[in-house]
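S.K.: Take these sequences, add in the hints, and give me the full structure.
Chains as they are written, first to last, in UniProt numbering: chain A, 1 to 213; chain B, 1 to 213; chain C, 1 to 213; chain D, 1 to 213.
No lab work stands behind these hints: they were computed from the structure. Hints should not be assumed to be uniformly reliable.
Given that identical chains are not distinguished, each listed pair holds provided it fits within a single copy or across any two copies.
[To be verified] The list that follows gives simulated cross-link-like pairs (lysine-lysine, DSS-like), each with its CA atoms no further than 30 Å apart:
#, residue 1, residue 2
1, K135, K62
2, K62, K52
3, K135, K52
4, K38, K62
Protein chains: 4
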Amino acid sequence: MRRTPPCAGRKGRPRSAEADTAILEATRAALVDLGWSKLTMSDVAARAGVAKTTLYRRWAGKNELVVDAVAILFDELELPDRGSLAEDAQGVVLQFAALLERPEARTALMAVVAESTRDEALRTRIRHAIVDRQKRLVLEGRRRAQERGELPREADESAASRTADLIFDVVAGAVVHRSLVSAEPVDEEWARSFTVLLLGGLAAASRPAPSAG
Amino acid sequence: MRRTPPCAGRKGRPRSAEADTAILEATRAALVDLGWSKLTMSDVAARAGVAKTTLYRRWAGKNELVVDAVAILFDELELPDRGSLAEDAQGVVLQFAALLERPEARTALMAVVAESTRDEALRTRIRHAIVDRQKRLVLEGRRRAQERGELPREADESAASRTADLIFDVVAGAVVHRSLVSAEPVDEEWARSFTVLLLGGLAAASRPAPSAG
Amino acid sequence: MRRTPPCAGRKGRPRSAEADTAILEATRAALVDLGWSKLTMSDVAARAGVAKTTLYRRWAGKNELVVDAVAILFDELELPDRGSLAEDAQGVVLQFAALLERPEARTALMAVVAESTRDEALRTRIRHAIVDRQKRLVLEGRRRAQERGELPREADESAASRTADLIFDVVAGAVVHRSLVSAEPVDEEWARSFTVLLLGGLAAASRPAPSAG
Amino acid sequence: MRRTPPCAGRKGRPRSAEADTAILEATRAALVDLGWSKLTMSDVAARAGVAKTTLYRRWAGKNELVVDAVAILFDELELPDRGSLAEDAQGVVLQFAALLERPEARTALMAVVAESTRDEALRTRIRHAIVDRQKRLVLEGRRRAQERGELPREADESAASRTADLIFDVVAGAVVHRSLVSAEPVDEEWARSFTVLLLGGLAAASRPAPSAG
DNA sequence: TTGTAATCGAGACGGTACGTCCAGTCTTTAG
DNA sequence: CTAAAGACTGGACGTACCGTCTCGATTACAA
Chain A
1 MRRTPPCAGR KGRPRSAEAD TAILEATRAA LVDLGWSKLT MSDVAARAGV
51 AKTTLYRRWA GKNELVVDAV AILFDELELP DRGSLAEDAQ GVVLQFAALL
101 ERPEARTALM AVVAESTRDE ALRTRIRHAI VDRQKRLVLE GRRRAQERGE
151 LPREADESAA SRTADLIFDV VAGAVVHRSL VSAEPVDEEW ARSFTVLLLG
201 GLAAASRPAP SAG
Chain B
1 MRRTPPCAGR KGRPRSAEAD TAILEATRAA LVDLGWSKLT MSDVAARAGV
51 AKTTLYRRWA GKNELVVDAV AILFDELELP DRGSLAEDAQ GVVLQFAALL
101 ERPEARTALM AVVAESTRDE ALRTRIRHAI VDRQKRLVLE GRRRAQERGE
151 LPREADESAA SRTADLIFDV VAGAVVHRSL VSAEPVDEEW ARSFTVLLLG
201 GLAAASRPAP SAG
Chain C
1 MRRTPPCAGR KGRPRSAEAD TAILEATRAA LVDLGWSKLT MSDVAARAGV
51 AKTTLYRRWA GKNELVVDAV AILFDELELP DRGSLAEDAQ GVVLQFAALL
101 ERPEARTALM AVVAESTRDE ALRTRIRHAI VDRQKRLVLE GRRRAQERGE
151 LPREADESAA SRTADLIFDV VAGAVVHRSL VSAEPVDEEW ARSFTVLLLG
201 GLAAASRPAP SAG
Chain D
1 MRRTPPCAGR KGRPRSAEAD TAILEATRAA LVDLGWSKLT MSDVAARAGV
51 AKTTLYRRWA GKNELVVDAV AILFDELELP DRGSLAEDAQ GVVLQFAALL
101 ERPEARTALM AVVAESTRDE ALRTRIRHAI VDRQKRLVLE GRRRAQERGE
151 LPREADESAA SRTADLIFDV VAGAVVHRSL VSAEPVDEEW ARSFTVLLLG
201 GLAAASRPAP SAG
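M.R.: The following block contains the structure:
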């Protein structure tokens, strides 16, 4: 996560824990106010009441700092049991959309993804800190649906994994695209339509013969 | 598209048309070599054999220039008739994925989207120059499928439009997410799985009772 | 004075004589408003209602244009016969000082002199257009004084010329220095003190034994 | 002298003293090589092995930097006791002329004076850094001459001050005008003629009745 | 208690890019 | 052939941030 292990040696003054919190909060605030490209390290330092040096002691640069600052936002996503797969799916779509309404999330997510197209280390960091952690939602949803009998239990482990990845890309991708690129609202109506499409597709995909009808 | 209308008056030296081409080409080349964040206006000017002033006379800034430079790439997408809706869909998915493999496209697309989260004018520009123009692929595909009898003709105009938007967000979003965020290959296997999901979902959505089974 | 002789050919649209006047006036106005370093050719052209091209057709550059524009100011200096050498001298000192009060003169004179330290052609131009033409005042004053019997007629031609040069440098130099460098007023009192010093010095210089007493 | 007081607070990295020296030396070198108008801040920075930022941190602009850079040259002027007022005067004239032969001095002096005609702050800076400091030469010369009995001791303090100012303007003005405007050499012969004129004038001015003879 | 060592704020440092401005040239249409 | 308009190349301007560095001053743990 950070540049240098915070507990490298033992002696010396320990790093301030408050500083960490203040810096990450300041980063999110700066993102809201300024957006990605106008955000500067100096500004974050000033907001956090901290010296620029302190930032660079803990993070390698703007990208890394922002990834850490926004990663925590994505952990807020939850999957309360709403009784059916359709309800669960629709709920998580709306939750995710609400998250993307927050300026710090929308601007930061796209920006770090853009940066990551040229930076392998950053890409890895994003996947570990943000992407992979949210796959749990898909897995958890499927497990519940299987327990309810809405979905068959998969025999082939790797096929199951591939399907989970596919669903994750479809859900996350569609919501992001609708919200950030098309710039249209992800409201309940859209979420319902999307869920119908998704679950219908899943059902079709799990049938042996690909006869659409 | 440009900052100042090029044909404002009549007198005076007209703007060089070659310069425009050279600049846009140089921009794409610079994107490939340097990526978004390292790309500089000076560098583009030098590559294009043009003065920096000339860039700023025609585009307001880096963002606007890059949008115009990459917009043309997306016009390459085509929808040759492959005989069935499934084949058509799979074809366009693979085409789009191939486009996103090109460094200038992947880095530029995400970067301008990121910038657009804070800039209404830029967002509009992106939609006009890139997004809306590609919806034609969805509409064309549906028209053909209806002619073939694979899809029913829609009575409700606005519902049809909403469905087209949904499909567009799902397709574009899923491919982008798979390619840029998950950083996994969009190969034929994935395209087939995705198409099955999509068409199955469409079929389910067009059926009256939403009974997932 | 100008780049190209104005009556070079015969055919085509003749050069506007008004333009010349307008340009030189605009140059002086711009000098007053902006000073030397902020004065731009574009601005002069705009003020004169003339294209930049026209400026460059007639003058080689900023320096040459400004020299011509201010040279005319120095031709206003006159030497009306005030009855005595002392009165004549004091009169010309005050006239010169009044000229240096005008912003276009003070700023332009020093600026072109500064430029001329690196530019032989400009130095020559300044001497021809400004400096040498004012020596007439010294020569005329001496002639009158000799006619009045206030000064002896010089036998040695070259010594007479050297003395005239010396006086010119002393008068012009002292007034310029007082006005522009020391930034103190050249009023009647100062002019009187200076004249006493100058004429006393001249008298001493024309005596054989240099015994200061 | 500088933009920001160098000893503003106490904290933070102190300014490099070497940088100051290197910058001023580089400025003088650039003046010699390029002259005033071709001198650029970037070039000075490069010569001094310093970032452009560092220049702007310490000086507000080209003018201020050059004033400081050349001011030191004028401090080289001295007034060794040559035994008589005439010898002392002639000596200082030749010293000053030698200084004005140096390209960095001639070009810089006129240029900053020219700029100062529009800039009150710059005028003040020049007077403090350059002009006023050289009046010491006049005062010292007079003191010595009075001790030698060559000049009477002045009763009226303010008249004495006015006379000193007059002499200063005459000497500095004449030498500058001869050297830079007339562009003639200030050699020993001229210096002797000038000294005779000056001292003769002084003697005349100190006599009560203005009867030249 | 006294090192010792890593921390802290502050701010100067060398760089790099920005977006603007101007000099001087070139290319058009109009007269 | 000249005028006016304005686009062109080239390069300096002064500003802003970057990420590094050098300070003097704190803090903690270890001897």
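S.K.: Indicate, hint by hint, whether the structure satisfies it.
M.R.: Right, here's what the structure says about each hint:
1. K135 x K62: within (26 Å within a copy, 35 Å between copies)
2. K62 x K52: both (12 Å within a copy, 25 Å between copies)
3. K135 x K52: Classified as neither: same-chain Cα gap 35 Å, cross-chain 46 Å, threshold 30 Å.
4. K38 x K62: This pair counts as both: shortest intra-copy Cα distance 11 Å, inter-copy 14 Å.
In the structure shown, a violation is registered for the earlier hint numbered 3 alone.
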